[in-house]
Amino acid sequence: MEKNKTVVADIDRGMYDIKNEDRYSYKVSQGLTPEIVTKISQEKNEPEWMLDFRLHSLKVYEDVPLPDWGPSLEELDMNNIVTYVRPHTVMKGNWQEVPADIKNTFERLGIPQAEQESLAGVGAQYDSEVVYHSVKESLRKQGVIYTDMETAVKEYEPMVKEYFMKLVPPQDHKFVALHGAVWSGGSFVYVPEGVTVDIPLQSYFRLNSPGAGQFEHTLIIVEKNAKLHFIEGCSAPKYNVTNLHAGCVELYVKEGATLRYSTIENWSRNMLNLNTKRALVEKNGAIEWVSGSFGSKISMLYPMSILKGEGARADFNGITFAGQGQHLDTGAKVVHAAPYTSSNISTRSISKNGGIAVYRGAVKVTANAHHSKASVNCESLMLDDSSRSDTLPSMDILNDEVDIGHEARIGRISDEAVFYLMSRGISEQEAKAMIVRGFAEPIAKELPLEYAVEMNNLINLELEGTIG
Amino acid sequence: MESIDKLNAIPVRTWKWLGVNETRLAGRIPEKIKYDRQPLIEGNTAGYMVAPIAAHSDQIRFMTKKFAGGVSQAADEFISSQRNSGYFIEISEDAKLTKPLTLYYELDAKNPSLVDDHFIFARENSEATVVIYYSASDFPAGFHGGMTRVYAQKGAVVHVVKVQLLHDAAMQLDAVDAAIEEEAHVEFTLVELGAAESITSAKVCLNGKNSSGQINSLYFGNQQQKIDMNYELKHVAPGARGLIESRGVLLGKSQKTFRGTLDFLKGAKGAKGRESEFTVLLSPEVRNRSIPLMLCGEDDVEGQHAASSGKIDEEQLFYLMSRGLSEVEAKKLIIEAAFAPIVAKIPVAAIKDAISENIRRRLADV
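Top line first, the protein sequences correspond to chains F and H.
Here the first sequence is numbered in my numbering, starting from 1 and rising by one per residue.
Here the second sequence is numbered in my numbering, starting from 1 and rising by one per residue.
By construction, these hints were calculated from the structure, which means they are not laboratory data.
There's no promise every hint is true.
FRET-style restraints, in silico, Cβ to Cβ [unchecked claim]:
(1) H:K352 - F:G405: 24 to 32 angstroms
(2) H:G324 - F:N377: 36 to 44 angstroms
(3) H:Q73 - F:G325: 30 to 38 angstroms
As a list, the in silico DSSO-like pairs of lysine-lysine whose alpha-carbon atoms are at most 27 angstroms apart [claimed, not checked]:
(4) H:K16 - F:K174
(5) F:K59 - H:K16
(6) H:K16 - F:K297
(7) H:K266 - F:K297
Cβ atoms here follow ideal geometry from the backbone N, Cα and C, with glycine treated the same way.
Please take these sequences and the hints and turn them into a complete structure.
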C-alpha cells in the first residue's frame, strides 16, 4: 500500500478564542517589585503572615535561575506581564447575578451545561478572581468546605497556614517562587474524615486580560478515609501578547483517603503554561491523576506524587496533543518514600504539524521503600514528519525489594491497521480518526462523561476533514 | 590531566535533582601514563592490515566527522594526545576473516596506566571480529582510558568485543564509536566486570541506507563499584535498524547509571530501533538508575524501549530450590542463564571462561 502523508489541519478554535472587552476595575502597573506584591496583599486584606510569605517568595524568585532544561523560555519577560487583574465583579453565589458578558463567554465555553444537578458546585475563575461560586447544601452539611482561596485565607486561616505551600515550597523552582509572591484566586477544598463526596467538584477558570498572568492556587485536603473527585479545566482566549500561567496545586491525601484530580487543559496557543502540581499521600491513601494537555504554546507540567505512607498508591493517566507551534513538555513524577507503595504512569502523546510533544518523567524509590512497585508506560504517535516526539523518563532505585518496569513506544498510524479498517468498508479518513481516538481511549475512559465527550470532540476537531 | 567532569552527558537534559544529566570521574587520572606491554598483532596478512595508529592519523582525521564522539570532547582529546597504545586495523575489501583478531592488554605494577586508541576500518563487504581484552595481573588499582572507532563501509560486517576485567580498584574511561554505511552492520559486545569506577560510552551512527547497529552490554557491580554507561543509537538514514540490549546485576553497595538513547532523525524513513534493559538487584544497598531516552523527528519509524529491574523472580527460585539447589546455587544459575545470550557472542573460549569464573566468584558474595 502506498504510504500516504497524513496532513492534519489546525483546529478552528472559534469559541475558545472569543475574548471579552478588557474591562477590569483595577490593574497593577507592569513589572514586579515588593511594592506590587504588598499592594496585591493589601487589596486582599490578607493577614500579615501571608504578606511576609509573598515577600519571601519574591526574594527566592529573584535568586533562582531559569531551568537549564526543557523548552526555551526566552520569550518570557516578566517585566511586561501584568501579574494581577481583578475582574469588575465581586463574588456571586448565584448564576443569575453574574454579569452578562462574562456569562456569555462561559456559556460558549460550555460551563452552564456542566452545571447540572449532579454536579456539586462550580468555582469559575474569571481573570484572577473567583466570580462565581456555589456549593451544594448537602455537602455543606457534611462539613465539606469548598471556597475560593482568598476566602479560605481569612475564614480558615489556621488550616491554610498549616498547609499553604508546605508541599510545594517557593524554593522549588523559579515559577513556583513567582507564584508564591503573586498568587491570586484558586480553590480550597476540605473533606472531613470519612466523608465521600460522590459527585465531582469542578472548577473552570480562564484568562482574559492581555498580558495577564494567572497564578491561581488550589489547596485540597482530603481527610482520613474520605473520598473526592476534583475537576479542573481551563481555556483562554487568544491574544498576541505572551500569557503566563504559573498556578500551583497542593493535594494532601490522608490515611485511607482517595483523591482523583482531573484536568483538561486547553489554553490558547499563546500561553506559557508553567504549572506545578503535587500530592502527598499518606498510608493506604491514593491519588489518581487524569491529565489532558491540548492547548498552550509551551507547557511544562509534571504532576508529582509523594507516596509517604505505607501502601500509598499513585495513578497517572495523561494525554498530550501538540499541534503547530506547540511545545508541550509534560509528564509525571513519583517518589516512593514508604514500603509497599505502588504507582502506575500511563501516557499517550500525539504530535502533528510541527508540534513537539515530550514526555518527561521520574520515578524514585528510596532505600526504605521496600516492596514497592512502579510501572511506566508511554506511547507516542507521530502524525507527520515535521513534528517531534521525545520520551525522557528516568528511574532511580535505591533498594532491591522492588518491581520496576518501564515501557515506551513510538510510531505512526500503521498502514496495515488502516488497510484492515478500509477493507471493512470504512473510509481512510474515518479509519485514521478511529485509530487516533482508540489511542486516546485509555485516558478518555478515566474522565467523567461530559469531559470525555469534550475531549473526544477536541480530538475530532483536531483531526476533522484533512486526514488522509 | 586531573579528574574531569561533564562526562557521558545525555543529548537532552532533564531535571538537575535527578543527577543524571552527566557524570564526573571521582578518582584522579594518574599524572604519568605508562604502558609498554603492547599486544602483538601487527602485520600485513591476507585480508587485513594492522599498524600503529599514529601512522594513520591523516586518514583517520578525514573520517572523524562521521562519528558521534566518545565520553566527552575533553576525554577524546585526552585519549588522542596521551595514548600509549593503539592500532589502525584495516580489513580489505571482500575479505571475510574467519578468526577473530584479539588484543590482550594486561595491567601490572610496571604498566599501570593504559591509554589505547583504535580505529577499525572495514572496507566494502568485508567481515571481521575484533576482541579487546583488558585484565590485570595481581596488582591493585590501575587506569584505563580508551577509544575504539569503527568505520564500516558498504556491506561490511564488524563485531567488536570488549571485555574489561580490570582490578576492583581500577578506574576506566572508555568509548566505542561506530559510523556505519549502506547495508553495513556493526555490533558491539561490551562486558564490564572490573574497576571501582567505570565510565563508558557507546555511540552508533547509522548513516547509510539499511545500515544496522547493535550494542550488547553486560555488567556486574559489587562492593562500592560505580558503573556509568551512555549508549546512543542515531538513526540517520532510511531503513536504519538499531538495537540496544543491556543486562546486569548489582550487588553490595554498587551503583549503576544507564543512559540509553534511541534517536530517530528526520529522514530516517522506515527506521526501527529497540532498546531493552534488565537489571537484577541483589542487595538492599544498591543504587540503580536508568534513563532510556527516545528522541523522534520522523513519523515513519518504530521505536520501542523497555527497562525493568527488581529481584530474581521468587517462583523461579522456588522451583529450582524445590529441585534440591541451595538458594545461592539457584541464584547463580538464574543469573548465568540471563547472561548466557551475551556471553555466547564472545568468540574466544578462554575469555568466555574467564568471564564465567569471575561471575561465579563474585556471586559467592550473594
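The hints, checked one at a time:
1. Taken as a hint, the range 24 to 32 angstroms holds for the pair H:K352 and F:G405, whose Cβ atoms sit roughly 31 angstroms apart.
2. Roughly 39 angstroms separates the CB atoms of H:G324 and F:N377, a value that falls within the hinted 36 to 44 angstroms.
3. With their beta carbons about 34 angstroms apart, H:Q73 and F:G325 fall inside the hinted range of 30 to 38 angstroms.
4. The straight-line distance between the Cα atoms of H:K16 and F:K174 is roughly 14 angstroms, inside the 27 angstroms bound, and the hint therefore holds.
5. Restraint check: the Cα-Cα separation between F:K59 and H:K16 comes to about 22 angstroms, which is no more than 27 angstroms; the hinted pair holds.
6. Restraint check for H:K16 and F:K297: satisfied, since their Cα atoms lie roughly 24 angstroms apart, inside the 27 angstroms limit.
7. At most 27 angstroms may separate the alpha-carbon atoms for a hinted pair to count; H:K266 and F:K297 meet this at roughly 23 angstroms.
Violated hints for the displayed structure: none, as all numbered hints are satisfied.
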